[in-house]
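Visitor: Each chain is listed here by its residues.
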Amino acid sequence: MKLIVELTNKNLIKNYKNINHVNYLVIGCNNLSLNASSCFSLSEIDEIYNLVKDTNLRLILNCERLFSDNDLEYVKTLFDLGFFYKFEYIMYSDFGLKNLLETLDKSLKFIFKASTYLTNKYDVNLYNKLNDFVVLSSEISSSELIELSKGVDKNVIVDVFGQSACFYSRRPLISNYFKYRGIDKDLSNNYHVIEELRSDLLPIIENETGTLILEPKHHVIVEEFKFLENIAYGLISLHNLSMKKCLCVVKTYSDFIDDLNISKVYETFKDNNIDVYKGAYNIKSVLLKGGCNE
Amino acid sequence: MNKIELLAPAGNLEKAKIALLYGADAVYVGGKSFSLRARASNFTISDILDLCNFAHGINKKVYVTMNIIPHDEDLNDLEKYLKDLDSCGVDAIITSSLFIIKTCENIAPRIERHVSTQMSITNSNTINHWKQMNVSRVVLARENTLEEIKHIANNTNLELEVFIHGGMCSSYSGRCVLSNHMTDRDANRGGCAHSCRWNYHLYEGSKKLNKKNQFYNIGSKDLMAIRFIPNLIDLNVASLKIEGRMKSTYYLATVVGCYRKIIDLYYKNGTIKEEEFVWFENEIAKAENRLTSVGFYNGIPTINEQLYDTRCEQPTQEYIGYVLDYNDGIATIEQRNYFCIGDLVEAFGPNLENTRFIIEKLIDCETNALETVARHPLQKFYINCPVKLSKHDMLRKVK
Chain B
710 MKLIVELTNK
720 NLIKNYKNIN
730 HVNYLVIGCN
740 NLSLNASSCF
750 SLSEIDEIYN
760 LVKDTNLRLI
770 LNCERLFSDN
780 DLEYVKTLFD
790 LGFFYKFEYI
800 MYSDFGLKNL
810 LETLDKSLKF
820 IFKASTYLTN
830 KYDVNLYNKL
840 NDFVVLSSEI
850 SSSELIELSK
860 GVDKNVIVDV
870 FGQSACFYSR
880 RPLISNYFKY
890 RGIDKDLSNN
900 YHVIEELRSD
910 LLPIIENETG
920 TLILEPKHHV
930 IVEEFKFLEN
940 IAYGLISLHN
950 LSMKKCLCVV
960 KTYSDFIDDL
970 NISKVYETFK
980 DNNIDVYKGA
990 YNIKSVLLKG
1000 GCNE
Chain P
872 MNKIELLAPA
882 GNLEKAKIAL
892 LYGADAVYVG
902 GKSFSLRARA
912 SNFTISDILD
922 LCNFAHGINK
932 KVYVTMNIIP
942 HDEDLNDLEK
952 YLKDLDSCGV
962 DAIITSSLFI
972 IKTCENIAPR
982 IERHVSTQMS
992 ITNSNTINHW
1002 KQMNVSRVVL
1012 ARENTLEEIK
1022 HIANNTNLEL
1032 EVFIHGGMCS
1042 SYSGRCVLSN
1052 HMTDRDANRG
1062 GCAHSCRWNY
1072 HLYEGSKKLN
1082 KKNQFYNIGS
1092 KDLMAIRFIP
1102 NLIDLNVASL
1112 KIEGRMKSTY
1122 YLATVVGCYR
1132 KIIDLYYKNG
1142 TIKEEEFVWF
1152 ENEIAKAENR
1162 LTSVGFYNGI
1172 PTINEQLYDT
1182 RCEQPTQEYI
1192 GYVLDYNDGI
1202 ATIEQRNYFC
1212 IGDLVEAFGP
1222 NLENTRFIIE
1232 KLIDCETNAL
1242 ETVARHPLQK
1252 FYINCPVKLS
1262 KHDMLRKVK
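From first to last, the protein sequence lines stand for chains B and P.
Its first residue numbered 710, the first sequence is counted upward by one per residue in our numbering.
Its first residue numbered 872, the second sequence is counted upward by one per residue in our numbering.
One or more of the hints may lead you astray.
[Said to hold, decoys possible] Just the calculated beta-carbon pair ranges, DEER-fashion:
1) P/Lys1144 <-> B/Ile892: 38 to 46 Å
2) P/Asn1070 <-> B/Thr764: 48 to 56 Å
3) P/Glu944 <-> B/Lys711: 28 to 36 Å
4) B/Glu811 <-> P/Glu1075: 39 to 47 Å
5) P/Asp1135 <-> B/Val985: 53 to 61 Å
6) P/Asp1135 <-> B/Asn779: 31 to 39 Å
No lab work stands behind these hints, which were simulated from the structure alone.
Cβ coordinates follow ideal geometry from the N, Cα and C atoms, glycine included.
Next comes chain B alone, as it looks inside the complex (with noise of 0.2 Å):
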């Protein structure tokens, strides 16, 4: 398995280069992008594309929110001044986007990723066929993902690590209630939300796509990799971390593809303070179905 490590701060570009495994950058942009951590302007983008053309690394763009009509105009646009070319491949979830780029330029690559959606290997070998590459749901458990990677076809990508979007809406859910309230606060600031009777603290981020809600906690898959010997690529998204902790993320990950030493992963994630659990790989979700109606 090789990396795909979502950046965070081009001042990064130089230590990723020099680190074993890690192949392609996910970059974020305004206006295109879903959960990232990051998002650069078209001309900061211009200078990650000439900071990363001479080295091993090549980048994929996050252009994972959903868009009307209206959006796909402004896609248009950034395909007439070329910006797509940048990137090896184009990572999705609006089937809108891949068919309006596809219409543009057959030659474009994409990678499907819809985090709710591929469970099932029938639906991930389907998809495969109409992509170059797929990311799994994060949104299975862990057996679940062992066996589903044993008959998927190859070109699958697994999200390794980060904080998924467990609610994406395009409501502006920040700053209808600060109306609501009279509260006059940026939305640029750092939120979350605890449900009254429970105690995760939930990131909520709004933005110009909408509101999102994440995980409490970054999750990570560590012990279920020796199993995943047909998964091509592990994708790490890095939500709020510093640039000292996002190079321990990606450094362990590259030093447990040759080692698969999985409690030095737990203790270096806990001796630089990276609060991480098994997220919905940990359960076995409840379907409730015969025993709810009883």
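Dock chain P against the given chain B, drawing on the hints supplied.
Guide: Leaving out everything else, chain P in the frame of chain B:
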């Protein structure tokens, strides 16, 4: 141009038949497998066969939801299930899985494939994608504004289905797993715990922003798009969908009946007057127990479309009885809720103008004893009624 379809939900056979009798052109129901409303009664294959026979007998249609986002274990009996649906004569399945779409195309090509709102369809290019997958209809995301629906409708020739009434997810449907993470109940496999309707505290760092006795809420008011029906008809949308497979027969009869009348009125007159809109809104309020709004139809939701300081709303009128028969001024009714001699009630039905009268006579059908109070649900009574009622009409108490 085909007349627009009114599509209603049904959680069981009785509800499905009521929805069709009160004016739905088609109903959508969940089977025992593959359906998102795990807590609805849901239909056996035998129920689906019964419903198809009933619906087709009055030139109406039956769609079966297969809208879970399936895991491997859910798909074991898919082919058999599709063959069973085919033998029943089901008109379409509503699904979010490409694998289910392709399997249906191979196993039961007669059955139409409709793409569920779980796929969050928000632009015409996405519809082009689904057209290439050989589906015949897409259900648009509830997040589309009227302007966006208009643009989509003008740029596709695939059938469009839009929601006009009922509950709204606060998230894009299919993209919310709050329930999974908070309760281990998989929202996309029928176990949604409605976590978006719960109370939260909002923090900026360690500072709580909501005051004591107040909460941070993200829930949505329900959708009521009565005033947009003329626009949607003009846009040549194929189907208008009501949400709510968990709702009661009374709710379905009231809501379906209203939308039936407003659609027919617009086709007949080419316009709906303000006082008519108000009448329909008041009519729906008699069965609606939640606050409603126009959702995204007017644009991105403001505070008016959100549910803050959650409280339970009550319908303005209460369902008291279902009409079984009528003879010479006496109706036989099956009781639903408490009522008594002297109550002012309103009768309504698929072919009945709303009519109010006072209950003056109440006789137990079993014992023929005169009663003053009806307090046992499903008990049968004779009551006086000055207008001619028909089987399937309903009575509600005027508060």
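Visitor: Each hint should be assessed against the structure and marked as holding or not.
Guide: Against the structure, the hints:
1. P/Lys1144 <-> B/Ile892: 38 to 46 Å: Holds - the Cβ-Cβ distance for P/Lys1144 and B/Ile892, about 42 Å, lies within 38 to 46 Å.
2. P/Asn1070 <-> B/Thr764: 48 to 56 Å: holds (50 Å)
3. P/Glu944 <-> B/Lys711: 28 to 36 Å: holds (30 Å)
4. B/Glu811 <-> P/Glu1075: 39 to 47 Å: holds (43 Å)
5. P/Asp1135 <-> B/Val985: 53 to 61 Å: The hinted range 53 to 61 Å holds for P/Asp1135 and B/Val985, with Cβ atoms some 59 Å apart.
6. P/Asp1135 <-> B/Asn779: 31 to 39 Å: Holds, at about 34 Å.
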